[in-house]
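One line per chain: the protein sequences are D and E, in this order. At position 27 of the first sequence the residue is numbered 27 (the working numbering), and the sequence of numbers has no breaks. With the second sequence counted from 1, adding 488 to any position gets you the working numbering.
Computed list of lysine to aspartate or glutamate pairs in EDC-like fashion (alpha-carbon distance at most 20 Å, straight line):
#	chain 1	residue 1	chain 2	residue 2
1	E	576	D	238
2	D	267	D	238
3	E	576	D	240
4	D	162	D	476
Covered stretches of chain E (chain D as the covering partner; in silico rule of three or more C-beta atoms under 8 Å from a C-beta of chain D):
#	segment
5	700-710
6	718-729
7	733-739
8	744-753
To be clear, the hints were calculated from the coordinates, so they are not data collected in a lab. Using N, Cα and C, we set each Cβ at its ideal position, and we do this for glycine too.
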Amino acid sequence: MSEQRELPELGFLALSRFAWRQLTSMRTALILLLLLGVAAIPGSLIPQRPLNPMAVREFYRNNPELAPWYDRASLFDVYASPWFSAIYILLFISLIGCVLPRSVEHYKAMLAKPPATPKNLSRLSHYQQFAKEDESLDRATQWFRKNRFRVRAEGNSISAEKGYLRETGNLLFHLSLILVLVGVSFGSLFGMNGYAIVNVGERFINIPTTYDTLSFGKLKGDNSLQPFQITVDKFDAEYDPKTSAPLDYTAWVTVEDEGKISKQVVKVNQPLTFGSTRVYLQANGYSPVVTVRDSNKNVVLQGPVPLLPQDGNLRSIGVIKVPDADPAIGFVVSFLPTNARTASQGSVSIYPELLDPKLLFSIWQGDLGLDSGVPQSVYKMDTENMTQIGLGSVKPGDTFNYSNGSITLETVVPWVNLQVVQDPGKSYALIGGILAIAGLLTSLYGRRRRIWIRVSDSGVEVAGLARNSAPGLEDEVDKFISFVKGEK
Amino acid sequence: MLTTWAYISNYFVYSAMLVFALSFVAHAFETAFAVRTPENADKTEGNLLVKTLDYKRTEKAARIATALMILAFFLLLVGVVARGISAKHVPWGNMYEFSITGALAFTGAYLIALRKHDLRWLGLFISISALLTLGTAVTLLYRDSAPLVPALQSPWLVIHVIAAIISGGVFLLANVVAGAYLYLERFEDKSARPGWLQRVPSLELLDQLSYRLVAFVFPLWTFSVIAGAIWAESAWGRYWGWDPKETWAFITWVAYAAYLHARVTVGWRGRRAAWLCIFAGSTFLFNYVYVNVWGTGKHTYSGL
Ligand code: HEM
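Next comes chain D alone, as it looks inside the complex (with noise of 0.2 Å):
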């Protein structure tokens, strides 16, 4: 019976006032909080599909079973998962929520007086007495002015309050966590992302068809990338010769951006920026430039084909397709930059520089499937349909002969990855980022406190109050009282 007496009439209105009042109350806030936490732990534990695919195609092999049902959790991309997403806007709606009315009171406290004196002051810790004289008041006064307390003077008595800062400190970490979000959000919806690989000598120009992977957020529209071109003159890449391990990587390049041209260095925390484009150096590897003939030794196909690094000496595979040849040919290439033949693996690359280079392929012939209206891959060919006519490999210069044609190296050059990212939320999540950290530090730092002084017949009488028990109060208080007292 008594539950019902406490629960009122609930109307609408009253259901949601009663929600409001749920969410944004401090016990919602903190389980929220700690929600988060816990929510973002699977997606550190179980392979994501925006960075790592290959995994969670690993992953479906390995659970076939258990696989389909993380998929329908959002499990394999938690960050954009309908329940991750939940969590964090009611945290946030109870942020504001929460926020916003304490701003609007903070900043009448701020303007108001401080409460006045309580009657009892020695029932007050920091509670001190002693012998009044003509001055005590007015000294008391100087000192709070002096040191800027906020006053209130009533007869005999002043009540002085500082450290207002610390709310505010607080408000502005809280308020400045929703810039953050927002300039998160705004850069995810507004933004663009974008990968090409360009060789060395290549031009970038910087639409849409150049690229190799692109892709945009919600909100934009896929006809307004900055229109600047990139030409990749020259790349360095220098490497410990006792680990193969990279030590620098530098892209010398001529921009050419709303008429003006300029020559720059691209390194890979040295991004070129255009506005809120930036342009990366992300990869680097090899494209062998080959020459193809046919039977009659005419040309059908020559140019650099970039291929896909394995391992950390950079050995390359991928495919030349040559459609122009009659009947079509392929070719399944794997090259070594630095060459050499173990027993175990066969041939390796044992350095990632061009040190002894060499292309090995095998090499088909029949229908590449270019026409069955499904989009290739240029880094992989459909062999079902070919049969094999040979194997072989050539050096740079070198001419390998087979049925029906032949094949060049004439030169081996390298290509970069460009990665292109257009971010116009990250000055506001910046900005955010930096506020929070002055707030933090004003409210964690700050300390708020109250001294009280009064004047009576029986002498002078002082106490003090420090809001969450923050240390230093004592030292002040005695400070305040010996300057009273006129002894400093």
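Mind docking chain E with the ligand on chain D? Use the hints.
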């Protein structure tokens, strides 16, 4: 192939280990000796730190132990600096280097805190932790000094990592204090503490201390995460990518924010707060150990 500086570095790290071991013995001796010291603590509210401790009889052993700790700190400092010189970069390129720098920061945090508060009851633990960290580093994690991979070549490495290492040192210290709280709490209602624990300060003080440590270092951790994001933006083209390391840094941040909330706004104290503190600290440790050694992603620089 070791350069002279790398050789000097190893020599100093080993010396520091020896002196940490001696400091541990001195602390142990001091603790053992204190068992026979009758406890006449002054339980005045407020300033519990100094007054609950009675160092009259063990003063000499305590001084020796602290002096050894300071010596070990400086030996280790030389070891870390020499490592940096040998590799021509700040010595945070792999897990061995993280570990020796971490041990340095941990000891440093303790010694700095010691200037203001008498925390010598923690010394036993600090010296053995430093010893174990260095022991693991030289046996399991050691790698020859090597140059940095390109993504690490940035001033943000210095800023981000130093902030993270200091935060980590203080978080772990807070965890130790919270752990001490939980351990001692069991004795509080039923019986007196065992003799060798008489010298550890009151529960209330431990509770406050772990909170102070977290509140002190939380802004630095926030800064470290943001500095990491700025660096990631310049090296990898995105400031946040939910890479495992980033994810766990975020989890640690959220966990400590929850801890601060629980204390400041919901009023948690004592046992619950201590458990939450330990949970938050464990996420930091997990990040360091699991993600560095077994994890995948862009942050696996352990060199293992
Ligand atoms: C509904 C949402 C939230 C509310 C109502 C809220 C409210 C508060 C309040 C009242 C305080 C204590 C201020 C004081 O010390 O006087 C506080 C402190 C704090 N809040 Fe929140 N907060 C919310 C969300 C968040 C979120 C999402 C975070 C970060 C993830 C956060 C981080 C912090 C931190 C670190 C402190 C410590 C400040 C201190 O110790 O003084 N808060 N919050």
